[in-house]
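Asker: Residue numbers (UniProt numbering), protein chains in the order written: chain Y, 1 to 341; chain Z, 1 to 648.
Bear in mind the hints are in silico, worked out from the structure with no lab data behind them. Any given hint might turn out to be false.
Partner residues aside, some chain Y positions facing chain Z, computed with beta carbon under 7 Å [unchecked claim]:
#1 Thr68
#2 Gly100
#3 Arg116
#4 Lys245
#5 Ala310
#6 Asp311
#7 Ala312
Note that the coordinates shown come from a computational prediction; the quantities given were computed from them, not determined experimentally. Ideal Cβ placement from N, Cα and C applies to all residues, glycine included.
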Amino acid sequence: MTREMACGVSRRSFLAGAAGAGATGLAGCIKSRAEYDSGDSGDGNAGGPLSGEIGIAGSSTVYPLTRTMRVEFLDRHPDVRISVQSTGTGGGFGSYFCTGDRVINNASRGIKDSEREQCAENDIEPLEIRVATDALTVVVNNEADWVDCLTVDELAQIWGPDGADRWSDVREEWPDEEFELYGPASTSGTFDYFTEAIMGEEDAHRSDYSATEDDNTIVTGVKGSKYSMGYFGFAHYNGNSEAVKAVSIEDPETDAECVEPTLENAAEGRYTPLSRPLFIYVAKGALAQRHVAEFCRFYVRNVTSEELVADAVGYVPLTERQQAFQRGRLEAAIDSVTSDE
Amino acid sequence: MATQSESTTFGRVNRIRGVVFENITRAAALVGVLALFVLLVYTALDAFQPFTAEREWYVLLLGTFGIPALLVGSYCWSNRTVGRVAIRAVGLALGTLALTTVLVLWLGGQLALLVVVASVFPTGAYLAYLLTHRRELSVGLQFVGIIVSGGGIASIVSFFLGTQATLVYAITVGIPSALLALFFLRNPAVGSLGVRATAAAITGTGIAALGLEVASIVLGMTVESSLGIPGESTAVGVYALGAVLGTGVYGAIAVRRRVPGLLGLFAPFVLLAGALAGFWFHREYVIVSGVVPALYGVTVVLPALAYVLDVFRTRSEGGRGLALPVVFALGLVIALQMHERFVLLVPAVELVFGLTTAGAIGTYGWWLSDRDRSGTSGVAVPVILGGGLLAGVVLGRRLGISGPDTWLTVDFLTNGSHYEPGLAGIHPALIGSLYLMVIVTFVSFPVGVGAAIYLEEYAGESRLKRFLEINISNLAGVPSVVYGLLGVGVFIRYGGLRLGAVVAGGFTLALLILPIVIISAQEAIKAVPDSLRQASYGMGATRWQTIRNVVLPRALPGILTGTILALGRAIGETAPLIMVGLAAIGGVPDSLLDQGTAMPLQVFSWALDAKELFRENVAAAGSMTLLIALLSLNATAIVIRNRYQREQ
């Protein structure tokens, strides 16, 4: 079949035919780009379209939220380029944000004084923006039917330095089996927050547990062993609620009974002390660039969104009042850097 | 046990141990391959989800694709000539599809269509015409080479020095060296001395620069603060001193040995004067407008004009070859201009794929029938297979039979990162990896092959060679994380690139595979029989001519194979890129200095995601994309190697 075709059509006539067909085809189906563009995108962007680059590093806990905001922001401003890396809160401050290499840092805890000093050495003034609330979740194996609720003291016994080795060391009726503990590595903001909230001081965390940067390792570990325990951000529990069992927390400082880690409990402030604020930090100087300022404004505008914060990621959205406070601080910062010029 | 004692007598040899050992080795071989196979199948199942399709869909596909494929396959099996053509045609179609995919993903369907129609096809047609005219072809290729190398060197240098400085030095150093080269070619004795003197001067400069750098690190301060003179001028003074001393040392040796052509000693001074003049001019003046056109005027248009004049003056034939780059560039300009002004209201992507594959297969069939080769009907095989597959899919969609709910879709290749697993795509990472590979190729290939040629052809059995070889093979075993640290230290903290720049990642990966490239290129050069070199020398050829005309053409397929396999390693590297600061999520970079991303980083971040669909399916689809890219590279390497073996 092909042989006939190949031999039947001469080279010249084929070329001529193809060129002719191509030319007529092209003439019929092209349209001026100016016409096409104006007809297509007429949302009218005062001051010209935004463009530029925003580099973001930091916490793996905040990473999914920032990723969500990025996608929504780029929908409206496709010419801005935003990169997001997950480096851990401390890693982000130390090697990316305070060195001036990235303008925004995701953080699952507040900035430390040492990090503030490092930033100051490089003339970077971090502006804290609270973006969501997380319910840090302690999980155990699905078959661990003896435990549904833990007190803060018990958690401290288990996770503190020289922590308990066996379940029965904590409560006598619990099985006489060794703990298998999985938790985030010490570069993680989740680790820092948990240590601070449960043990009450920095770095007072036992070191003989399986530390990992990857929350899935914690899920796999806890799922695989009956006598294991682990903790991570609520978003991760949200995606794995079949695989592991969340434990309620009893805080002696509030009179509440055992409180389950749920978005409602965290939003209403009942899930203490493990509900925690999540932040992004912006280099104040960078807010002078219009696209950075707009991205932060967009972020703050959407921190109350049930759809983006709770449904898409699994964190607790801020209340309107909290949002108004963040917006005020952000606008003040933007005003201060833009009026300097 | 009993048999062992009997086996002492001749004629009753116990073979059990041998058989057991053979089976153990077989098991070892199978374990490795099977484990890999299972892993691949597992990933592919997650990515393609074949069990989600209705049974009718498979029946339909069996009818339109499976049965024709079987028939065609059995026909090809019985008719070997057709079979061979068929295999090549299918390979050609797949290769074209792969290249077109890259083009479409890179430029977008609209621009890709314009480029293919206006530039690639005419260039291909012209090239096909030139292939029948040897003289024209060589002129055309040389002309392309001059333009590409002129523009390429200018772009690379201006990347590091800035356009201003590059233009200045191109005029003050580049033009004199071109004139010197012309002069040297006419006076070989002067030329050989001149080149050596220049080399000595450059070595002297290098030593001076190194000394200055070491001194400033050891003293812990910059030159300005220690000497109280503006640092840049001091540095330039030291460099110039190094150059003069280097020339002087070489000159003294040359004079004592009574080498002819002492006139050549002036060459380094001419260049040094040019460089100093350039430095002074660049410090005092700024060229306000027309820098870029002037730069490419000097580096591209001027050499091109000289070559054109030369062709017309010395060779009356071959002039038509000069049109080759013109056709290409003109087409490109037309395509870009069209793209800026107009929008094509056609299914551009489908058209591009159709045009390129049809063009490639058609050309192959034409070529075969033109030369009256047998087995031309094999060309129809990719058409039947591809057409059947396409017909099956389209028919299935028309009839409402749902195919598998695969994750590796066209949208996956064209979308950016997203928080919904169903909308997530790998496009920026794919393009990022492509950019990385281009940089890696352009850095590691010339450097690696150059080093291999030196070690195999020039170094002899010196201590230096042994020292270099030991170090290179050690470097090949250094963990990739260490290269990442090196990349951060050298390219970012010292070299001043931004953390996460595409070039920083590319340079780091290039360093990572450099030892592998060197070693494989060395092997390829070693494999060229020594008798060929001896024969070449026996004909009176020089060492350079032997390398250029005998060794390199023979070794090139092996070199290419090694380099491509090394590229395959680079494309999957993750650790060094994380260290250098490339992000998992990002856009397509506008320039090579911008923040970059890469496929393995994106896959890694999906694999760590909280949502199971990301971990299981999207990561699997990403892995498959990466694997397909890798396997395409390996397939290219295998094709090159097979051609090479046939030629031998």
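Asker: It remains to establish, for every hint, whether it holds in the given structure.
Answerer: These are the hints, each one checked on the structure:
1. The interface hint given for Thr68 (chain Y) is met, as the beta carbon of that residue sits about 4 Å from the closest beta carbon of chain Z, less than 7 Å.
2. Taking 7 Å as the C-beta cut-off, the interface hint given for Gly100 (chain Y) is violated, the closest approach to chain Z being about 9 Å.
3. Checking Arg116 (chain Y) against chain Z by beta carbon gives a least distance of about 21 Å; that is not within 7 Å, so the hint is violated.
4. Hint status for Lys245 (chain Y): violated, given a least beta-carbon distance of 17 Å to chain Z, over 7 Å.
5. Using the Cβ-Cβ criterion of 7 Å, the hint placing Ala310 (chain Y) at the interface with chain Z is not satisfied: the shortest such distance is roughly 13 Å.
6. Checking Asp311 (chain Y) against chain Z: minimum C-beta separation of about 10 Å lies over 7 Å; hint violated.
7. With a least beta-carbon distance of about 5 Å to chain Z, the hint placing Ala312 (chain Y) at the interface is held under the 7 Å criterion.
Checked against the numbered hints above, the structure breaks hints 2, 3, 4, 5 and 6 and satisfies the rest.
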